[in-house]
Amino acid sequence: MSLPTTGEVLKGVSLVVNKGEIVALLGPNGSGKTTLILALAGLLNARSGKVTLEGVELRLQLPEARRRIGVLFQDPDDQLFNPTVMDELMFTLDQLGLPPQDKERRVKEVASLLNIEHILHRPVYSLSFGEKRRVALASILVYDPEYLLLDEPTANIDPGNLNIMLKVVCSLRKAGKGILLATQAVDLVNRLASRVYVMNEGRIIWSGGPEIPEEVLVRAGLKTGQVACQ
Amino acid sequence: MKAKDIVFSLTARILEELSSSETSLSYSSLVLIAGLLLTAVSSFSNSLLALAAVVVFSGVLAFASRKEKSWLIVTVISALFSFIVSFPVYVSPQLNFKGSVDAATFIARATASASVFTAFYSYMGWRGLLNGLRGLKALGDMGEHVAFTLRFIPLFAFKADKMLVAREARVFTVNREPTWRISLSIVGDILAASFIKAYWARLAFTARNFGELRVKRGSYRADLGEITIVVLAAILIVACLV
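Chains as they are written, first to last, in this note's numbering: chain D, 1 to 230; chain S, 231 to 472.
With the rest of the complex left out, here is chain D (with noise of 0.2 Å):
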């Protein structure tokens, strides 16, 4: 399978998330991370191959499906399509059909959790990138599932967002959620993944614990030389 915009294409590719861990997928531009969470979420088909949802193919189960999973794109701006950002956390619960006090009330836990309150009322496209990427991650918390594909979380953002994000992501594990978390960035993978998929140029090159072998990272071009300038 592949993606229009850059071509990325998987190749023979096989992976497991299960309840209340957090599987890294770890792999450098280009490599098919982002390919391979779209695939996961049902929204791009394989030629071959299938993806299955506790036992059973997740295209049988779609749309329905997709409230039991929740996907962070790389790129916020690509999320989010509503006009503001109280907008984007409804867009879901208005779909669920719940009791508008319920509604209310999720609205209100995510954005305490993601330090989002003051930012409700405004329009999506007047905020700052972390203030977006914590937007997205509220716009899937806010309908929990109990599946996240994260697609880089925590690429582009200060120290301050960074702390907020993984504070979140730990907490949604101990919550017991299957968290899928493709990065490029090896010190996240070693503080927070139980297990780790090494992928490059589409394929699944590696596979196991957080301590990866230098030449595992070497070989998938995720290890920088010493450069220094004089």
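It should be emphasised that the hints constitute simulated quantities derived from the structure, not laboratory data.
Since we're looking at a predicted model, the values are computed, not measured.
No false leads were mixed into what you were given.
Facing chain S, from chain D, some residues (calculated, C-beta under 10 Å):
| hint | residue |
| --- | --- |
| 1 | G42 |
| 2 | L43 |
| 3 | E64 |
| 4 | R67 |
| 5 | F73 |
| 6 | L80 |
| 7 | D87 |
| 8 | P123 |
| 9 | V124 |
| 10 | S126 |
| 11 | A136 |
| 12 | S139 |
Here are the in silico distance ranges between beta carbons for each label pair:
| hint | chain 1 | residue 1 | chain 2 | residue 2 | range |
| --- | --- | --- | --- | --- | --- |
| 13 | S | M372 | D | F129 | 27 to 35 Å |
| 14 | D | F129 | S | P408 | 25 to 33 Å |
| 15 | D | E215 | S | T379 | 43 to 51 Å |
| 16 | S | D419 | D | F129 | 14 to 22 Å |
| 17 | D | Q101 | S | F388 | 31 to 39 Å |
| 18 | S | D419 | D | G176 | 41 to 49 Å |
| 19 | D | G20 | S | L454 | 50 to 58 Å |
Here a beta-carbon is modelled for each residue, glycine too, at the ideal position from N, C-alpha and C.
Given chain D, put chain S in place with the hints provided.
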């Protein structure tokens, strides 16, 4: 604040208000078709009276959706710009009655078509427009692409501004030619960026669409207000064509 910043932020603010779904009064494909047809016929109608009626009708729709301020700004700006374009006709020494009527018709067409499209968009909101376009199955994915492209116009405006600044940073002469070349290159890049953005936004929309919107569309029944709008729009379409 620079003039271009004012234009970009005003465009963004107006589009955000028009897109707001809190006051969406219709999700119907039929209302959308009526709006698009009326916009199209308004842009080539010769009847000044019918065009005036279209603007009045649009105003009523905009007031009903409580977005009259944005509608008024779009309508006034369209009228103003078309007046500026046709101004030379009025100061020409060879001005005759036919020429002045033609220029007035041009202004009325531009104003009415912008006004009526804005009014229907304000009435439906972005979610209504998206649902309406999805109902037009003949358009396939193109309908959703159009809706998402429209939704992201404010973002493209700011992106175009950033691109312009980034490219101008490498212009070292006072010659205007490189600036024009840069501006032209941005048009193509923005079109490509808008297509990619619409693709991603559609995926993001699908990822959080659990099916209820489809059910809503499938069992959608037009209410009295929508039927009235469609009937009035049909009358105006005929009036514009006669």
